[in-house]
Amino acid sequence: MTISIKAISLSKNYAHSTVVDNISFAANQGDVVGFLGPNGAGKTTTMRMLTGYLLPDAGSVEVCGINIHTKPMLAKEKIGYLPEGAPLYPDMSVLEFLKFVGRVRKIGTKSLADRLEQTIDRIQLHTVLGKRIDNLSKGFKRRVGIAQAILHDPEILIMDEPTDGLDPNQKLEVRNLIREMAKDKVIILSTHILEEVDAVCNRILLIAGGKLLADKRPEELMLAHQNSLEKAFLNLTQGQQDRT
Amino acid sequence: MNAIVTVARRELQQYFSTPLAYVFLVIFLILCSVFTFYIGNFFGRGQADLVSFFMFHPWLFLFLIPALAMRLWAEERKTGTIELLLTMPLTTTQVVIGKFLATWLFIGMALALTFPLWVTVNVLGEPDNGVIAISYLASFLLAAPYLAISVCMSSLTRNQVIAFVLSVAMCLLFMLSGFNAVTDLVTGWAPLWLVDTVQSFSFLTHYTAQMIKGVVSLKNIVFFTALTAFFLFANVIMIEQNKAQ
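Going line by line, the protein sequences match chains E and W.
Numbering of the first sequence is given in my numbering, commencing with residue 89 and proceeding in unit increments.
Numbering of the second sequence is given in my numbering, commencing with residue 259 and proceeding in unit increments.
Just to be clear, a hint being listed does not mean it is correct.
[Said to hold, decoys possible] Below are the EDC-like pairs computed for lysine to aspartate or glutamate, each with C-alpha atoms no more than 20 Å apart in a straight line:
1. Lys501/W - Glu150/E
2. Lys501/W - Asp179/E
3. Lys194/E - Asp454/W
4. Lys336/W - Asp179/E
5. Lys219/E - Glu269/W
[As the list claims (entries may be wrong)] Far from chain E, some chain W residues (derived; all Cβ distances over 10 Å):
6. Val265
7. Phe295
8. Gln305
9. Leu342
10. Ile355
11. Pro374
12. Leu375
13. Ala391
14. Asn417
15. Val480
Treat the hints as calculated values from the structure; they're not laboratory data.
As the structure is a prediction and not an experimental result, all values here were calculated from the model.
Here a beta-carbon is modelled for each residue, glycine too, at the ideal position from N, C-alpha and C.
For reference, chain E alone in the conformation it holds in the complex (with noise of 0.2 Å):
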């Protein structure tokens, strides 16, 4: 089985507005590609027909060879995914919550303790298994998020703005935590933060207004833009508002 995900023409309308518009792409072993764009550009949408929340108008997605509309159960088995903010059921402690997803992820009682201590020594969570995820500050309640996604050790990691909110420091873990894992999945990552694309990626999909307007490496991307990311984003970026 070979570890990837593909996106075949994907769009998305609401209410007569087009917010995906014909996405393709497709992404193999150690790919950690960042969706960028503005706010609105669709990263979001586009994650969540990724990940078979909603169901595109058109086009399909495959996670390892497996269409994940026809055979969703065996797709999401594959896929880890952080939505965006991080939802977790506040009235539950942080341990009761990863035994939780573990269950419903169908890890074996005896792995499931091996895997929970692994994931908790990576995100190093061991401060605030028992207290009440409503109780948590924001950096500790997107590393749960993080946590739920890795659990399993998925394929395919998909993280919509894994950074959003978190200080410098928690930044910088959460980017080495995404490096160490690069090799052996695919991970995808929306932001809007240019740094962390360079820093992490090594690929970007640029989107804006629902277009996939550029799928590159960071350095061709800079490269043809005056060695600046900034620049190539301005650029390419708002002509397509002015359009939209």
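Assemble chain W onto chain E, guided by the hints.
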């Protein structure tokens, strides 16, 4: 099956991790006693049975079950956890059934905690415990369509108050469909069979008129089960429909 149990366990856990469960249980038990002893005139009737207890259940359920169920989907939508839940390897049917079972079980617990009434009536006289057992089952069964309707309404909105009001209105319609106020809407123009059909959808006809008197008929059981299944199915469809929007 395991997935349904996992979802149900979490829901049940959530009831008890907030004051909701305890507030509900206390209010339910107080209201049950008030209705039985004061409004139902338990002592004045001088009969060793629990009819004055069971006959008010449709009215209690009308408000308490929507209150219990209103958060089931509306809260998931509001906090965004629905996105988490629906991107995990669970089918929508498993989630719907899990949520339903957890709450139904909780209502079962609340009913079981009314056992002091049963003890009381046994101390005071010699009731027909067979009838009481059937009435308990009938009440538990009656709770299912109320709950299925409420869970379904909860999936329509992210606002719990709207979910509550919609649920009460819908349950009320089903309760009163045996009453003239509702049947009059159709008697003028509809054929008799339609009037009869509307009337037969009343919870009260099936519950108060028959089951709490100890009469078990397959028709009643099928009615409650079918109505529950219908609204759970509708709930699955609505959640699926949302994905396409």
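Hints, one by one, checked against the model:
| no. | hint | result |
| --- | --- | --- |
| 1 | Lys501/W - Glu150/E | 17 Å, holds |
| 2 | Lys501/W - Asp179/E | 26 Å, violated |
| 3 | Lys194/E - Asp454/W | 49 Å, violated |
| 4 | Lys336/W - Asp179/E | 14 Å, holds |
| 5 | Lys219/E - Glu269/W | 19 Å, holds |
| 6 | Val265 | 8 Å, violated |
| 7 | Phe295 | 35 Å, holds |
| 8 | Gln305 | 44 Å, holds |
| 9 | Leu342 | 6 Å, violated |
| 10 | Ile355 | 14 Å, holds |
| 11 | Pro374 | 30 Å, holds |
| 12 | Leu375 | 32 Å, holds |
| 13 | Ala391 | 35 Å, holds |
| 14 | Asn417 | 17 Å, holds |
| 15 | Val480 | 32 Å, holds |
The structure does not agree with the numbered hints 2, 3, 6 and 9 stated previously, though it agrees with the rest.
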